[in-house]
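Participant: Each chain is listed here by its residues.
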Amino acid sequence: MWLERSTRRRFLTGVAAAGAASDALGACLQARALRWIVPNPPGGGYDAYSRLVAPYVGRELGLDVRIHYEPGGAGLRGIRVIRNSRPQDAVLGLVNMPGALMSEALGSFDLDPARELTLLGTISRLGYYWAAAASSRLQSTEDVVAAGRAGKLVFGVNAASSIGFLTTAMAAALLGWDTRFVGGYGGSASKILALLRGEVDLIPLSWDVLVPRVRNGELRPLLAIDERAAGGDYSELDGVGTLTGPGGLISKEDERDATALVRFMQMGRIVVGPPGLDPATEACLGKAVCAALNDAELSREAAASGSALQPLCAEATGERIRAAQRDLRRLAPLARRVIADASL
Amino acid sequence: MLEAALASLGLLFSWPYILYPIVGTLLAMLFSGLPGVGGATLMALALPFAYGLETRAAMLLFGAFVAGATFMGSVSAILLGIPGKASNAATVLDGYPMARQGLARTAIGCAATASALGSTFGVIALLALLPVLREAILLFGPTEFLALGLWGLTTVALVTRGSSLKGLAAATLGLLLACVGTDPSSGAPRFTFGLLYLRDGVDFVLAFLGVFSLAEVIDLLGSKRRTISGKEKLEELTGSVREGALAVFRHFRLFLQSSVSGTVIGMIPGIGATVGGFVAYGMAARGRDAEGFGRGDIRGVLAPEAANDAKDGGALAPALLFGVPGGSGTAMLLVALEQQGVTPGRALFDAHLDYVFLLVFSLFFSNWLTSILGVALVRPFSWLTVAPTAVLGPFLMVLTVLGAFLYRGRLEDVFAVWAFGLLGYGMKRFGWSRAALVIALVMGELIETSFVVALQLHEIGRVRFWERPITLVLLALTAATLYWMRSQSRDRHEAGGRP
Chain B
505 MWLERSTRRR
515 FLTGVAAAGA
525 ASDALGACLQ
535 ARALRWIVPN
545 PPGGGYDAYS
555 RLVAPYVGRE
565 LGLDVRIHYE
575 PGGAGLRGIR
585 VIRNSRPQDA
595 VLGLVNMPGA
605 LMSEALGSFD
615 LDPARELTLL
625 GTISRLGYYW
635 AAAASSRLQS
645 TEDVVAAGRA
655 GKLVFGVNAA
665 SSIGFLTTAM
675 AAALLGWDTR
685 FVGGYGGSAS
695 KILALLRGEV
705 DLIPLSWDVL
715 VPRVRNGELR
725 PLLAIDERAA
735 GGDYSELDGV
745 GTLTGPGGLI
755 SKEDERDATA
765 LVRFMQMGRI
775 VVGPPGLDPA
785 TEACLGKAVC
795 AALNDAELSR
805 EAAASGSALQ
815 PLCAEATGER
825 IRAAQRDLRR
835 LAPLARRVIA
845 DASL
Chain S
-9 MLEAALASLG
1 LLFSWPYILY
11 PIVGTLLAML
21 FSGLPGVGGA
31 TLMALALPFA
41 YGLETRAAML
51 LFGAFVAGAT
61 FMGSVSAILL
71 GIPGKASNAA
81 TVLDGYPMAR
91 QGLARTAIGC
101 AATASALGST
111 FGVIALLALL
121 PVLREAILLF
131 GPTEFLALGL
141 WGLTTVALVT
151 RGSSLKGLAA
161 ATLGLLLACV
171 GTDPSSGAPR
181 FTFGLLYLRD
191 GVDFVLAFLG
201 VFSLAEVIDL
211 LGSKRRTISG
221 KEKLEELTGS
231 VREGALAVFR
241 HFRLFLQSSV
251 SGTVIGMIPG
261 IGATVGGFVA
271 YGMAARGRDA
281 EGFGRGDIRG
291 VLAPEAANDA
301 KDGGALAPAL
311 LFGVPGGSGT
321 AMLLVALEQQ
331 GVTPGRALFD
341 AHLDYVFLLV
351 FSLFFSNWLT
361 SILGVALVRP
371 FSWLTVAPTA
381 VLGPFLMVLT
391 VLGAFLYRGR
401 LEDVFAVWAF
411 GLLGYGMKRF
421 GWSRAALVIA
431 LVMGELIETS
441 FVVALQLHEI
451 GRVRFWERPI
461 TLVLLALTAA
471 TLYWMRSQSR
481 DRHEAGGRP
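Taken in sequence, the protein lines are chains B and S.
Just so we're aligned: 846 in the numbering used here is position 342 of the first sequence, and the numbers increase by one with no gaps anywhere.
Just so we're aligned: 144 in the numbering used here is position 154 of the second sequence, and the numbers increase by one with no gaps anywhere.
Worth flagging that the hints you see were computed from the coordinates, not collected in a lab.
Bear in mind the structure is a predicted one, so any value in this text is a computation, not a measurement.
Heads up, a few of these hints could be off.
Examples of chain B residues toward chain S, derived with CB under 8 Å [as the list claims (entries may be wrong)]:
#1 555
#2 576
#3 580
#4 584
#5 663
#6 666
#7 680
#8 681
#9 684
#10 687
#11 690
#12 697
#13 700
#14 701
#15 716
#16 722
In silico SDA-like links for lysine to any residue, alpha-carbon gap of 25 Å or less [claimed, not checked]:
#17 656/B <-> 457/S
#18 656/B <-> 189/S
#19 656/B <-> 373/S
Heads up, the beta-carbon is just placed ideally off N, CA and C, and yes, glycines get one too.
Work out the full structure, taking the sequences as your base and the hints as a guide.
Facilitator: Below you can see the structure in the form of structure tokens.
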């Protein structure tokens, strides 16, 4: 009762592993503790994923983990903190790569996270989902398509610069739908309330926010701006249409742009370190993050808490981000157009 | 529902579960003694340890964390003029003047009693309204928030003593500061001067730490007062805890009014804790014989204290029903729930009503325990008001600056608090209302965001102002308040008083 069995097991395993790992991966960083940066305030998705994953990374490295919150600038401040850390500071963190790259491309952030950070792995790769209230008149993807074509869809979003708005507006533009946006909702919870009050028809949500509320019976996903990766429990998405892929809604001539959008969003949450690490340390950290993200116990914990893990190791992460940057160059004009057209 | 309630109550008072709310309360009291550091920091630190706890134990612990911090913030607000949390800012307005008059014990006794009874009211209201809460909360949308914000802004005039022009100017400054950050609909930076630090706007916790806490410390160090109360021995202090406690019953209608407003405001998602205290204070100051407010009127302690603790119960409703936190405390509570695999929403109430009751009862227990301990410790607390300012002042300055740094762990916050501290000192020196600035800063963000969303919804025909009865009632209240203030001002002018 005082401590769950899994916690005792983790603790003892951690102690034993620290002893064993310190000979191997513990030499990655000459430090007593790992400082893990969360670029958002406590209580959000990044906090939840960090608390899930960071202890496993710490175990692989044989280090204690200390979570540090560095909120500000919609996550951009945390990225800057990691970039400004020295290699010997034993700092890692979790960043919203799509948001950061988009901000950089649109000129509102003076840091290229793909070049100026050390990329160590990807935690989750799922995109955005358009969700309606369970009691909404919109009950299926077909209803959404009909309403979208008739110009009768209203989305609730944070602000015109938010990744949720940009993804949604670009997807709607590619589908050729004339949609309205109501901006200014401060966070997922506010958007969900707006949905339940009937003010808006759909809201874009990330996977970790969506799934608990789908399982709760409050929301219903109606369109997925993602690609279905292998593995994972996607029963919540049964019958839900996708933007691209087999049976996707996008037309052939817009397929390339839509695929670029989905691939861009798929970058997800990336584990990063500061620049300037020597190759041996970088390889060592990459190995530790890879091992941690692929740990079976972590997968079980993630599944139990409704968090989707689709890990990628450092090399695959780097390739994916380089591909996403090419996608972004393709998408940037469309992004600028939807921002300019936004009636927010 | 009754079975779940009784089972949870039985569990709360059983061994060893009773230890959780007790330990949680004591830790919360300890942490909230530091200005700017409160329950949210404690909860963030406790999360890794709580992960391994059984869910029911975690509910009891975090329920106590949510509640335990509030009263200690009131104690520092009364004794030192330094609100422990933003929600305690309204208590400073009359609590600190009472301490300066040697009536610290009376103020603390009143605060403790109002807190405990207010919490009781909030919990009873929450439980009584449980079946209809969800639908009731969904009645509040952007137009209601806008109207509430406008009504809350009228409180500015009530907290302004002296020149109403200065009060208006202070409020305008607060509204301007609320514009710093990003535009709510476009996300474009606004008045940030290219600084990433300002992109998230002026944090009102830092603003109140500076404008109230640090400004008071600077004033204390610069004044000729040897002690806060002007007395040098505890025996010289007047007033008593009993007097303060009885005041709650003497002004029972005010207590009920404040508890109702606190509970209702707590239940409105996204409003925030600070608003409740100031709204209750403002409503109290609209009553009869209001001249004493701001100068040590015990009603000015009673009203915000009752509202603050009644709000705790109400604030659980949007958090548990919709996952919308009312403040940093409930935000961390939601993280703890998620960690335990508990998702807010209808299913929580359908399948895990016992968890809801455990949280509510733990919160209630913790509020009472904090009040009882607060009263028991009133003598050592009161010593602060007879301690030499030469010793107390530097200590408080270090504490305030430390609180500023610990809030988010950022050095820039310390500079921000100093800037606000100097501003607040200047305002105090020259008779400008600091409360007006803080209220306007808090209300400004609420008003702008609500207005922007409401306007967009109105343009697309999703919402019509005139079809929203709660909005109309709140707007009517605002108009009535403005008319009342104008007639009060005219009466004072005719009687040869201040404009």
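Participant: The structure should be examined with respect to each hint, and the outcome stated for every one.
Facilitator: Against the structure, the hints come out as follows:
1. 555: holds, 7 Å
2. 576: OK, holds: residue 576/B within 8 Å of chain S, min 5 Å.
3. 580: Because about 6 Å separates residue 580/B from the closest Cβ in chain S, which is inside the 8 Å limit, the hint holds.
4. 584: Holds: closest Cβ of chain S sits about 7 Å from residue 584/B, inside 8 Å.
5. 663: Result: holds, 3 Å to nearest chain S Cβ.
6. 666: With Cβ-Cβ at 6 Å, under 8 Å, it holds.
7. 680: With Cβ-Cβ at 20 Å, over 8 Å, it is violated.
8. 681: violated, 15 Å
9. 684: This interface hint holds because 6 Å falls under the 8 Å limit.
10. 687: Hint holds; residue 687/B Cβ to chain S Cβ min 4 Å, cut 8 Å.
11. 690: Holds. Min distance 6 Å.
12. 697: holds, 6 Å
13. 700: Holds: closest Cβ of chain S sits about 6 Å from residue 700/B, inside 8 Å.
14. 701: Given a least distance of 5 Å, the restraint on residue 701/B holds.
15. 716: Holds, because the Cβ-Cβ distance from residue 716/B to chain S comes to roughly 4 Å (cut-off 8 Å).
16. 722: Holds: closest Cβ of chain S sits about 5 Å from residue 722/B, inside 8 Å.
17. 656/B <-> 457/S: Given pair residue 656/B, residue 457/S holds - Cα atoms ~22 Å apart, limit 25 Å.
18. 656/B <-> 189/S: violated, 34 Å
19. 656/B <-> 373/S: violated, 67 Å
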